[in-house]
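Residue numbers (my numbering), protein chains in the order written: chain A, 1 to 268; chain B, 1 to 268.
Honestly, I wouldn't trust all of these hints.
Note: identical chains are not told apart, hence a pair may lie in one copy or across any two.
Once the Cα atoms are required to be at most 25 angstroms apart in a straight line, the calculated SDA-like pairs of lysine to any residue come out as [to be verified]:
id, residue 1, residue 2
1, K35, N265
2, K196, Y31
3, K83, S19
4, K99, S175
Treat the hints as calculated values from the structure; they're not laboratory data.
Number of protein chains: 2
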Amino acid sequence: MKKNKRVGMLMDELMSNPSRLFESRHFCSKYDIAKSSLSEDIKLINEILDENGSGHIESIQGVGGGIKYIPGISRERIADIQKELMDALSDTSRMLGGKYLYTSDIMFDGHFASNMARVFTQKFSSLGADYVVTVETKGIAIASQTAFMLGLPLVVIRREAKYSEGSTVSINYFSGTNERIQKMSLAKRAVEHGRKAIIIDDFMRGGGSLKGIKDILEEFEVETVGIGVAIESRLPERKKVDNYVSIIIIDEIDEENKIIRMTANNNL
Amino acid sequence: MKKNKRVGMLMDELMSNPSRLFESRHFCSKYDIAKSSLSEDIKLINEILDENGSGHIESIQGVGGGIKYIPGISRERIADIQKELMDALSDTSRMLGGKYLYTSDIMFDGHFASNMARVFTQKFSSLGADYVVTVETKGIAIASQTAFMLGLPLVVIRREAKYSEGSTVSINYFSGTNERIQKMSLAKRAVEHGRKAIIIDDFMRGGGSLKGIKDILEEFEVETVGIGVAIESRLPERKKVDNYVSIIIIDEIDEENKIIRMTANNNL
Numbered sequence: 001m002k003k004n005k006r007v008g009m010l011m012d013e014l015m016s017n018p019s020r021l022f023e024s025r026h027f028c029s030k031y032d033i034a035k036s037s038l039s040e041d042i043k044l045i046n047e048i049l050d051e052n053g054s055g056h057i058e059s060i061q062g063v064g065g066g067i068k069y070i071p072g073i074s075r076e077r078i079a080d081i082q083k084e085l086m087d088a089l090s091d092t093s094r095m096l097g098g099k100y101l102y103t104s105d106i107m108f109d110g111h112f113a114s115n116m117a118r119v120f121t122q123k124f125s126s127l128g129a130d131y132v133v134t135v136e137t138k139g140i141a142i143a144s145q146t147a148f149m150l151g152l153p154l155v156v157i158r159r160e161a162k163y164s165e166g167s168t169v170s171i172n173y174f175s176g177t178n179e180r181i182q183k184m185s186l187a188k189r190a191v192e193h194g195r196k197a198i199i200i201d202d203f204m205r206g207g208g209s210l211k212g213i214k215d216i217l218e219e220f221e222v223e224t225v226g227i228g229v230a231i232e233s234r235l236p237e238r239k240k241v242d243n244y245v246s247i248i249i250i251d252e253i254d255e256e257n258k259i260i261r262m263t264a265n266n267n268l
Numbered sequence: 001m002k003k004n005k006r007v008g009m010l011m012d013e014l015m016s017n018p019s020r021l022f023e024s025r026h027f028c029s030k031y032d033i034a035k036s037s038l039s040e041d042i043k044l045i046n047e048i049l050d051e052n053g054s055g056h057i058e059s060i061q062g063v064g065g066g067i068k069y070i071p072g073i074s075r076e077r078i079a080d081i082q083k084e085l086m087d088a089l090s091d092t093s094r095m096l097g098g099k100y101l102y103t104s105d106i107m108f109d110g111h112f113a114s115n116m117a118r119v120f121t122q123k124f125s126s127l128g129a130d131y132v133v134t135v136e137t138k139g140i141a142i143a144s145q146t147a148f149m150l151g152l153p154l155v156v157i158r159r160e161a162k163y164s165e166g167s168t169v170s171i172n173y174f175s176g177t178n179e180r181i182q183k184m185s186l187a188k189r190a191v192e193h194g195r196k197a198i199i200i201d202d203f204m205r206g207g208g209s210l211k212g213i214k215d216i217l218e219e220f221e222v223e224t225v226g227i228g229v230a231i232e233s234r235l236p237e238r239k240k241v242d243n244y245v246s247i248i249i250i251d252e253i254d255e256e257n258k259i260i261r262m263t264a265n266n267n268l
């Protein structure tokens with residue numbers, strides 16, 4: 001097989017299975033090549049990914065080692081996505097009153113979801129997390145893309161305990177966004193004690209919902225090691241969680257003058 | 001730039017943007033190559049994808065034409081995935097009683113979701129659909145991967161009308177699975193009249209829920225052109241919808257003897 005065909009097949013297999021560790025000998029025996037040739041191929045693939053700003057191949061040496069593809073995104077592409085997101089959000093027909101914006105189409109858009117997932121994957125891939133966790137419904141597309149890219153199971157907390165979830169643990173928490181007590185419910189068999197989780201959600205105002213997710217995870221002794229939100233509201237300044245990463249910050253929704261003021265997070 | 005690097009960069013850009021039409025001149029000017037060289041590169045990429053069973057590059061000639069990557073999956077890989085799904089489902093600790101199975105972990109698993117999405121993408125890519133539609137919650141990961149691969153917006157029908165959805169249209173329908181009247185609610189701005197939709201869901205018993213989705217879409221004059229479900233129950237034999245595609249069929253959940261009998265759909 002010619003080298004350029006082999007490199008393409010390697011790329012396809014690695015990129016279709018992000019964060020999955022492949023033993024080197026899997027490829028060496030599949031393509032009947034020496035380890036040195038595989039290293040050269042991986043070097044070339046890393047040049048390709050680097051040029052496109054699409055992530056990198058990690059090589060892990062020694063016993064239990066191998067290679068895996070970690071999706072990523074260049075600063076330039078992050079800035080492009082942020083601009084596209086702000087353009088989409090600035091459509092004033094999204095204003096629903098009471099400072100609410102219609103954002104479902106954006107949160108479920110594959111282009112936006114996959115690129116935001118790349119941002120979170122790049123930020124969180126080295127944290128050693130065991131799960132990606134979200135609460136239904138609007139963050140599920142971004143969270144599931146992030147979980148896929150990180151090679152982790154996605155855990156979806158439900159609003160109501162469903163029979164199809166088996167035994168569950170439920171908590172009540174105060175949502176500032178909705179100005180009322182809300183409930184969330186997690187299946188007992190969804191997580192194991194002593195593990196680590198990354199939380200992904202579509203929106204944060206005061207952080208009550210994220211704090212609720214953190215709390216329910218603590219009931220299972222699952223530690224939150226990272227939090228990613230697509231859109232953050234500038235106000236209130238004091239949030240109920242810290243150490244989160246947001247992509248877009250909404251500074252103000254001026255309903256009278258029909259203006260939505262936004263800022264891109266430049267620290268991604 | 002060397003050919004093998006260029007081919008890799010092309011592959012990465014096409015595969016990161018499934019079903020997106022790129023004008024040929026985008027690549028010709030980016031890599032400073034003639035159209036004939038691009039055609040040769042695309043031919044090589046198609047050989048690579050064909051060998052891996054990962055889909056194909058479609059070339060559309062003439063004005064408004066270009067190239068796009070359509071994800072796919074070989075018969076062999078479909079059989080592998082079906083076997084893996086049946087292995088996972090056969091774990092009898094999933095039995096919740098009343099013929100219910102715990103399946104959330106499977107439905108939100110990135111490996112399963114992306115491969116099932118490849119099956120649906122391959123089946124439905126030529127139907128000219130405008131949307132992929134699901135109802136919350138368990139089908140969202142598969143539906144969002146399918147929508148991403150088809151390059152279509154994902155529309156998520158809610159159980160309850162939420163304020164953040166703006167004006168909605170709601171219907172009541174009879175769910176045989178839950179043996180009661182249920183509600184679903186679709187945002188008015190989520191779809192345009194006269195369009196076509198593919199419905200994706202995690203599970204079908206009698207088809208009441210899918211019929212409900214079809215009905216609510218008809219309220220918007222949106223025609224259902226394809227239905228894909230991950231798991232189908234053999235019984236009842238008479239379903240409320242036809243022309244659906246399922247991946248796994250559950251023949252029987254024998255709670256007394258702790259056996260789950262399943263069949264893989266061999267017509268995919």
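The hints, checked one at a time:
With identical chains, the CA atoms of K35 and N265 are never at most 25 angstroms apart, being 42 angstroms at best within one copy and 40 angstroms at best between copies. Taking CA atoms no more than 25 angstroms apart as the test, K196 paired with Y31 passes in neither setting, with 37 angstroms inside one copy and 44 angstroms between copies. In the homo-oligomer, the alpha carbons of K83 and S19 lie at most 25 angstroms apart only across protomers (22 angstroms), although the nearest pairing inside one protomer, at 28 angstroms, exceeds that limit. Taking the closest pair of Cα atoms, K99 and S175 come within 25 angstroms of each other only inside a single copy of the chain (15 angstroms); across copies the shortest separation is 36 angstroms, beyond that limit.
This entry does not satisfy hints 1 and 2, going by the numbered hints stated previously.
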